[in-house]
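**Q** So the protein lines, in turn, are chains U and Y. Using the working numbering, read the first sequence as starting at 1 and increasing by one per residue. Using the working numbering, read the second sequence as starting at 321 and increasing by one per residue.
A portion of the hints provided could be inaccurate.
As the list claims (entries may be wrong) - Which bits of chain U does chain Y cover? Going by a derived footprint, with three or more residues having C-beta under 8 Å, they are:
id : region
1  : 150-158
2  : 279-287
To be verified - One-sided excerpt, in silico: chain Y residues whose CB lies under 7 Å from chain U:
id : residue
3  : Ala339
4  : Thr343
5  : Ala347
6  : Thr393
7  : Pro466
8  : Phe468
9  : Val469
10 : Thr479
11 : Gly604
12 : Ala623
13 : Gly624
14 : Val625
15 : Val629
None of these hints come from the bench; they were simulated from the model. Since this is a predicted model, take the numbers as computed values, not measurements. Cβ atoms here follow ideal geometry from the backbone N, Cα and C, with glycine treated the same way.
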Amino acid sequence: MTQHSAGSQGVGPAETTPAPAELEQPTTPGARKRLSRGQLTFRRFLRNRTAVVGAIVIIALAIIAVVGPYLFYWKFDDIDYDAFLSGPDSNHLLGTTQAGRDVLALTLRGMSKSLIIGFMVAIISTSIAAIVGATAAYVGGFTEKAILWIVDLMLVVPSFLLIAVITTGGPKGPDAWLLLVVLLAIFGWPLSSRVVRSLTLSVKEREYIQAAKFMGLPAWKIILRHIIPNVSSLLIIDATLGVGYAILAETGLSYFGFGVQAPDTSLGTLIGEGARMATTYPWIFLGPATVLVILVMSVNAVGDGLRDALDPTSGSGGRA
Amino acid sequence: MIGYVLRRLANYIVLLFVAVSLTYFLAATQLHPRSLFLMRNPPLDPRTVEAVLLERNLSDNVPVWERYVTWLTRIVTQWDWGMSPMGAVVNDEISSRIWVSLRLLLIGTILGLLLGVAIGAWAATRQYKISDRVVTVLTLLVVSTPAFVIGHVSQILATDANRRLGFQFFEFIGETGTVHGEGWWPVLLDRLQHLLLPTLVLMLLGLASMSRIQRNLMLDALGSDFVRTARAKGLRENKAVMKHALRTALIPTATYVAFTVATMFVGATYTEKIFGFRGMGAYGVDTIMGQDINGVVAVTAFAGVCVLVGAVLSDIFVAILDPRVRLG
Numbered sequence: 001m002t003q004h005s006a007g008s009q010g011v012g013p014a015e016t017t018p019a020p021a022e023l024e025q026p027t028t029p030g031a032r033k034r035l036s037r038g039q040l041t042f043r044r045f046l047r048n049r050t051a052v053v054g055a056i057v058i059i060a061l062a063i064i065a066v067v068g069p070y071l072f073y074w075k076f077d078d079i080d081y082d083a084f085l086s087g088p089d090s091n092h093l094l095g096t097t098q099a100g101r102d103v104l105a106l107t108l109r110g111m112s113k114s115l116i117i118g119f120m121v122a123i124i125s126t127s128i129a130a131i132v133g134a135t136a137a138y139v140g141g142f143t144e145k146a147i148l149w150i151v152d153l154m155l156v157v158p159s160f161l162l163i164a165v166i167t168t169g170g171p172k173g174p175d176a177w178l179l180l181v182v183l184l185a186i187f188g189w190p191l192s193s194r195v196v197r198s199l200t201l202s203v204k205e206r207e208y209i210q211a212a213k214f215m216g217l218p219a220w221k222i223i224l225r226h227i228i229p230n231v232s233s234l235l236i237i238d239a240t241l242g243v244g245y246a247i248l249a250e251t252g253l254s255y256f257g258f259g260v261q262a263p264d265t266s267l268g269t270l271i272g273e274g275a276r277m278a279t280t281y282p283w284i285f286l287g288p289a290t291v292l293v294i295l296v297m298s299v300n301a302v303g304d305g306l307r308d309a310l311d312p313t314s315g316s317g318g319r320a
Numbered sequence: 321m322i323g324y325v326l327r328r329l330a331n332y333i334v335l336l337f338v339a340v341s342l343t344y345f346l347a348a349t350q351l352h353p354r355s356l357f358l359m360r361n362p363p364l365d366p367r368t369v370e371a372v373l374l375e376r377n378l379s380d381n382v383p384v385w386e387r388y389v390t391w392l393t394r395i396v397t398q399w400d401w402g403m404s405p406m407g408a409v410v411n412d413e414i415s416s417r418i419w420v421s422l423r424l425l426l427i428g429t430i431l432g433l434l435l436g437v438a439i440g441a442w443a444a445t446r447q448y449k450i451s452d453r454v455v456t457v458l459t460l461l462v463v464s465t466p467a468f469v470i471g472h473v474s475q476i477l478a479t480d481a482n483r484r485l486g487f488q489f490f491e492f493i494g495e496t497g498t499v500h501g502e503g504w505w506p507v508l509l510d511r512l513q514h515l516l517l518p519t520l521v522l523m524l525l526g527l528a529s530m531s532r533i534q535r536n537l538m539l540d541a542l543g544s545d546f547v548r549t550a551r552a553k554g555l556r557e558n559k560a561v562m563k564h565a566l567r568t569a570l571i572p573t574a575t576y577v578a579f580t581v582a583t584m585f586v587g588a589t590y591t592e593k594i595f596g597f598r599g600m601g602a603y604g605v606d607t608i609m610g611q612d613i614n615g616v617v618a619v620t621a622f623a624g625v626c627v628l629v630g631a632v633l634s635d636i637f638v639a640i641l642d643p644r645v646r647l648g
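Make a model of the complete structure from these sequences and hints.
**A** Below, the structure is given as structure tokens:
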């Protein structure tokens, strides 16, 4: 829904000139440098404190996910035969599970898996959405009708059930999460591609597109070179919010055991495991659940911040 | 108007038929009901297993295409959606679960939507003030928290509250428990106790996403020219906001509400599973775990019908409410 409103609220195609409110008006010519669009967006983003905190948290979590396993003694697949279901102490900072595995190490492992899946799915599905949506709008006619029909088809039935059916009968093992990435990406693009399409419909009427067309550039070159860069602000927002969506979808599936399979782990797998004993042994549940909420909240905050910063009509970025 | 709706409806029905058929092929090739019987100890006679599977149209020795035709014929001629591998009748399951879901979801969903609209609109009129920032951060927190985390946290808190109170005030397993006393009042009280916590969770989830949407819509409306005109003409702030801004901002909300209410049946998978309600959302997960091909296809079809009803309802709402929509 948030993605929808992003499209309709004039996160328009890249403006060739900044909106009037943001025009630099130096008192003496040459006293201040003109800002490029990227710099402008960046400054506006920095003014949104929630979004900046979110960005810092994501970077910090990513660093911890990479470095963390080398800092602590216990590895995620180690079993401590002296500590089953022990609470947080100096040996196991976040306690252990029923099987004697260190919750902190598992959480770090789960977090890196969820992060990787989230980013991969977002990038793949936004790319598909961009290409399919832009193609539908630019080519038009039968192609557009067919694409829209397929999009509707994919939105009719709940993707959660379909993905769960496929992973239940699908391959098991350490690489099974790659299938999950593919599935989440396949079911992630239809809604965004509709937004891309409606934006492209207005972009394709611009003069530079017409010029490129009459110079004899093939359609795919026009789409890749001229249309997609001009809907990029939408795509950036879509990809960012898509990370949050993908992480939530992955953890939701893993919670029921339809996602990342043992012995590997994700935040959803861990939460699902901990949840069964959440009222008596809350630490197995609370550690990964907190990390998950912080992660998704940061991603959403960055997405909201980017939307405000890229939207020339939004006043929330302040004047930059 | 009617012609427009009918045309949309026809298109939706074709879509749904194709989607459900594809789901059948997917489920029939991916799920393995036979494995349930092979795990039995002592082992069952393979011929008995085959006979049972054949009778329930689940045998993987029959080509998928033939199974599909049998499945479709039974639905078209007898409205029989088949059986689970263990012999449960899908029709019976669904007809009982719809009511469970309805009892669980109706209050929470409606309260969540109403409160969400109110809070979102209120926050928009106070943009960038402390109250707006608090609402924005809190709703962002709830939207970023998966339903299963909220559900379990509420259970942890409720266990704690029960311990402090010294008696079982919050009930969170199942739809009913042990009834203390005679007559209808204790029965109702018991049900209400079981409803309280999941309803709060559902309300919170609905409220958060609704208020974020409503705040955005309201901000757009408040910044629009006609509201400025209304103010410039000397209308009282309250009247300008309520009559001019809120009314316009409610048009997209109405379509969203129509869609949410129609799709709520299958949307509460986590809440139903966590609080032990045997509703439609839980059925989806149960059927997949139980290798129940007919069951999962029926759930998907039901969900699809809900989506279509929601889509048609919101089409109608837009056509009625938005004067800019012209129907050809």
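**Q** With reference to the structure, classify each hint as holding or not holding.
**A** Hint-by-hint comparison with the structure:
Chain Y is given as covering the region 150-158 of chain U, and this holds because 6 residues of the stretch bring a CB closer than 8 Å to a CB of that chain, at least three being needed. Only when three residues or more bring their CB closer than 8 Å to a CB of chain Y does the claim for the region 279-287 of chain U stand; here the count is 3, and the claim holds. For Ala339/Y, the interface hint holds, since its Cβ comes within 7 Å of a Cβ in chain U; the closest pair sits about 4 Å apart. Of the supplied interface hints, the one on Thr343/Y holds, with its beta-carbon coming within about 6 Å of a beta-carbon of chain U, less than 7 Å.
Interface hint at Ala347/Y: satisfied, since its Cβ lies 5 Å from the closest Cβ of chain U, which is below the 7 Å cut-off. Evaluation of the Thr393/Y hint against chain U yields a violated restraint, the C-beta minimum of about 22 Å exceeding 7 Å. A hinted interface residue such as Pro466/Y counts as satisfied when its beta carbon comes closer than 7 Å to some beta carbon of chain U; here the least separation is about 6 Å, so the hint holds. A least Cβ separation of about 5 Å between Phe468/Y and chain U falls short of the 7 Å threshold, and the interface hint therefore holds.
For Val469/Y, the interface hint holds, the least distance from its beta-carbon to any beta-carbon of chain U being 5 Å, beneath 7 Å. Interface hint status for Thr479/Y: upheld, as the beta-carbon distance to the closest one in chain U is roughly 5 Å, under 7 Å. For Gly604/Y, the shortest C-beta to C-beta distance to chain U is roughly 5 Å, which falls under 7 Å, so the interface hint holds. Interface hint at Ala623/Y: satisfied, since its Cβ lies 5 Å from the closest Cβ of chain U, which is below the 7 Å cut-off.
Among the interface hints, the one on Gly624/Y holds; its C-beta lies about 5 Å from the nearest C-beta in chain U, closer than the 7 Å criterion. With 7 Å as the threshold, the beta carbon of Val625/Y stays out of range of chain U, its nearest partner Cβ sitting at about 10 Å, so the hint is violated. Annotation: interface hint on Val629/Y violated; nearest CB of chain U at approximately 12 Å, more than 7 Å.
Violated hints for the displayed structure, listed by number in ascending order: 6, 14, 15.
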